[in-house]
Structure formats: C-alpha cells, structure tokens
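Chains as they are written, first to last, in my numbering: chain W, 1 to 69; chain S, 1 to 69; chain L, 1 to 69; chain Z, 1 to 69; chain U, 1 to 69; chain X, 1 to 69.
If you are wondering where the hints come from, they were derived from the structure by calculation, not from laboratory data.
Even glycine gets a Cβ: it sits at the ideal position worked out from N, Cα and C.
Each hint should be verified, as a subset may be incorrect.
[As the list claims (entries may be wrong)] Partial list, derived from the structure: chain X residues whose beta carbon lies under 8 Å from chain W:
1. M1
2. A5
3. E28
4. S37
5. T40
[What the hints assert, rightly or not] Computed list of lysine-lysine pairs in DSSO-like fashion (alpha-carbon distance at most 30 Å, straight line):
6. X:K18 to S:K18
7. X:K56 to U:K18
8. Z:K17 to Z:K32
9. L:K32 to Z:K17
10. Z:K56 to Z:K12
11. Z:K32 to U:K18
12. Z:K18 to S:K50
Protein chains: 6
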Amino acid sequence: MKYGARNQLIGKVLEIKKGTVMCQVQLEIPAKSPMASVMTIDSLEELGLKVGDSVKVVVKAVNVLLVRE
Amino acid sequence: MKYGARNQLIGKVLEIKKGTVMCQVQLEIPAKSPMASVMTIDSLEELGLKVGDSVKVVVKAVNVLLVRE
Amino acid sequence: MKYGARNQLIGKVLEIKKGTVMCQVQLEIPAKSPMASVMTIDSLEELGLKVGDSVKVVVKAVNVLLVRE
Amino acid sequence: MKYGARNQLIGKVLEIKKGTVMCQVQLEIPAKSPMASVMTIDSLEELGLKVGDSVKVVVKAVNVLLVRE
Amino acid sequence: MKYGARNQLIGKVLEIKKGTVMCQVQLEIPAKSPMASVMTIDSLEELGLKVGDSVKVVVKAVNVLLVRE
Amino acid sequence: MKYGARNQLIGKVLEIKKGTVMCQVQLEIPAKSPMASVMTIDSLEELGLKVGDSVKVVVKAVNVLLVRE
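Bound conformation, chain W alone:
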C-alpha cells in the first residue's frame, strides 16, 4: 500500500462522536498531541471503526499549515 501523501501516521481510535451526517474520530498518535478526523457517518460505517482500533492517518502536505508563534 502506497499513498501519494507526505504525512502518514499510525493512530488508535480514542473516541467517536456522531452527528446526523458527520462524525469526529479522536485519535491517539505516538506523540504528545492528540489528532482528530472528521468524516461522514457513511465513511465511518464503511471503515467499521470502533474505540481501540488502529488506523492509518493520512494528510496531504498542501493541507498542513505552519504557524510561527
């Protein structure tokens, strides 16, 4: 499996919060910061995700914003 994206991490599902159309999946990654993904409920069901599952976390580099505080 190869992805055309510069950001690929491994995460563990910590919590799933469901709305009518969208849901938010909270992830634990091997870093001090948590991560999260927002997707449709349909995608969540297709993935069949539940708390504790391991997932690949993919982000295209164009969607990464750098800020200098």
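Place chains S, L, Z, U and X on chain W using the hints.
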C-alpha cells in the same frame, strides 16, 4: 493563540526544498513519522523559516483521511 | 504571529449555528461579501467564540478556486 | 450560476507568478487584505487569466481556519 | 463558465441527507463509482438542489489523493 | 483496504508533468471527463507511478464543490 483546528503539533524544520512558486518543508515531530507542509515561496519568506526552527503544525480535522489496511 | 498562508483577513463573528459535531460561523469582513467557516464544536469551544468577537480568517491559497463567469 | 460554497468574493488579478506545474495568482478584493490562489498552469490557461481580469473567488467554508490571537 | 480546477464532471443528484449544519449529496456520475459532496445546509438551499437535478462536480487537483494498492 | 472517503474511483495514469517540488498526474477514469492529481515529486517517487499504471483515486466529500450552471 487559539486555533480552530483539532490537530496541532510542534515540529522542527529538517529540510526546505524550493521550486519557483511552491516549496516543501520537511518536519520532525515528536513521533516516529516525519511530516511535511507544502506552501508558496511567498509564505515561506513571510514565515522566515530555516532549518532547525520550531513551528506550530496545524491541520483541520476535515483534511485528515483515515484508512484501514 | 506569522502564518504560512496567502489569505489572511480580519473578521467579526455575526452568527454561530451549532450542530452535534460541526458548527458554522458567519463572519463579517471589510468587503461587501460575507464569509463563513465550518469547524468542529470542539474547536469552537476551544476558541471560545461568541457573536461580536474579532477573529483572524486564514485560508491557504491552494484552497481558493477561481471561476470566470 | 450558483456555487455550493459559503465564501464568494469578486477579485481582480494583480499579478501571476508561473512555475513549471503550478502558478500563483495574486488578487485584489474589495477589502484591505489581498488574496491569492494557487492552481495548475493548465487551469490558468483554461481560465485564460491575465492581469486586470475580474474573477469570482470561491472557498468552501470547511477550508476557512479561524484563529484568535 | 470556466473553473480553475482540473476535475470537472457532470453528476445527477441521487439522494440528499441533511443534518443541522451540514448535508451530504450523493451523486451519480457517468462511471461505475458513485460520488458525494458534503456542504452546509445553507449552500444546499442556495443551490436549490433536489433529487434528479444535474450539477457540475468540481474538485481541485491538490485535493485528489492517489493510492497504489 | 478501506478508506474514510466517499469518493473512490479507479484511474489509469495518462501523463505525468514534473516541476521541482510538485507534479501533476493526468488520469483516465471510466467516465467521459479526465481527472488529475497534484502531489509532491517525493510522493510520486514513493508511489513509483508511470504512464499506464492503475491507481485508486480518493477524494474526501468535503473537497467536492457542486455548481449549478
């Protein structure tokens, strides 16, 4: 400083690759995986980034794709 | 504060519409057109936004679509 | 013409910077802040844009990040 | 009408699923795979979309992820 | 392999145009319209793509804009 984004990490600039319009900033984050950001050369210059600098890495949760391998 | 994004405006919060997972923040900017941001309820709470607040509006240039009518 | 996006402004092309694959179009909008769009050279040619042209500037609300400084 | 995006298809609305803030529009395109768009309820109302309507489906090339399985 | 995205097509690589940092991959999909993806040269090399290869084309539904002409 507060950001309306669910993904906020701290990164260190490892390498900068410049094109004519765009550039790619390779980042080290406190995890086993590297990260990267693609932005315009204009943004890079406004940030004044150089190798070794610390930056905030911000990603909106809608741009995070989960994959189950 | 420096952002790696080519679009940075100042907006004022006009209205907040909340769902279960996501919310929509309507903004007034110093132009004839309104703007809006969609984010998670969690992000809204972290920002602590309420009607009348001033916010920085940041958009990466890759997410700006031009159309010729 | 109706767009499924909450952010629609009118801009005027101020400058075009071309690379091999991508280009950056600087825009003047009726606000104090400038805006910019990054697209492929192919898209630029299909739009047939040149300095001084008027364009519609479209951004989906999910791609708008709010920051509280 | 010209769009600064490399992906432009024609779709037919198959189904609309509404939440409080967001909605999901299922589309049929002239290919074996279905497509879908998530937008705000406000955008849906501005578009005035209903099942059976024809729409232009626009995606910027930077938002297209390629995967090799 | 399961993806948290509502748009998944199969494409065939028609052409690859390379810049210094970014590249553009033109795709043929089983529909009348072509598609394209913009990614970093690094991602292209990791994918090892060449003309004629088959790839999975993945787009999150939030990045799909509908327009009514």
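Here's how the hints hold up against the structure:
Residue-level restraint check for M1 of chain X holds (minimum Cβ-Cβ distance to chain W is 7 Å; threshold 8 Å). Because the smallest distance between the Cβ of A5 of chain X and any Cβ of chain W comes to about 6 Å, under 8 Å, the interface hint for this residue holds. For E28 of chain X, the shortest C-beta to C-beta distance to chain W is roughly 17 Å, which exceeds 8 Å, and the interface hint is violated. Taking 8 Å as the C-beta contact cut-off toward chain W, the hint placing S37 of chain X at the interface holds, the least distance being around 7 Å.
Nearest Cβ of chain W to the Cβ of T40 of chain X: about 6 Å, under the 8 Å cut. The hint holds. A C-alpha spacing of about 14 Å is found between K18 of chain X and K18 of chain S, which places the hinted pair at or below 30 Å, so the restraint holds. For the hint pairing K56 of chain X with K18 of chain U, the CA-to-CA distance comes to about 29 Å; that is within 30 Å, so the pair holds. Distance check on the hinted pair: K17 of chain Z and K32 of chain Z sit about 22 Å apart at the alpha-carbon level, within 30 Å; holds.
Between K32 of chain L and K17 of chain Z the CA atoms are separated by roughly 27 Å; this keeps the pair inside 30 Å, and the hint holds. As the CA atoms of K56 of chain Z and K12 of chain Z are separated by approximately 9 Å, the hinted pair is consistent with the 30 Å bound. Annotation: proposed proximity of K32 of chain Z to K18 of chain U is violated, straight-line Cα distance about 37 Å (limit 30 Å). The suggested pairing of K18 of chain Z with K50 of chain S holds, with an alpha-carbon distance near 24 Å, which does not exceed 30 Å.
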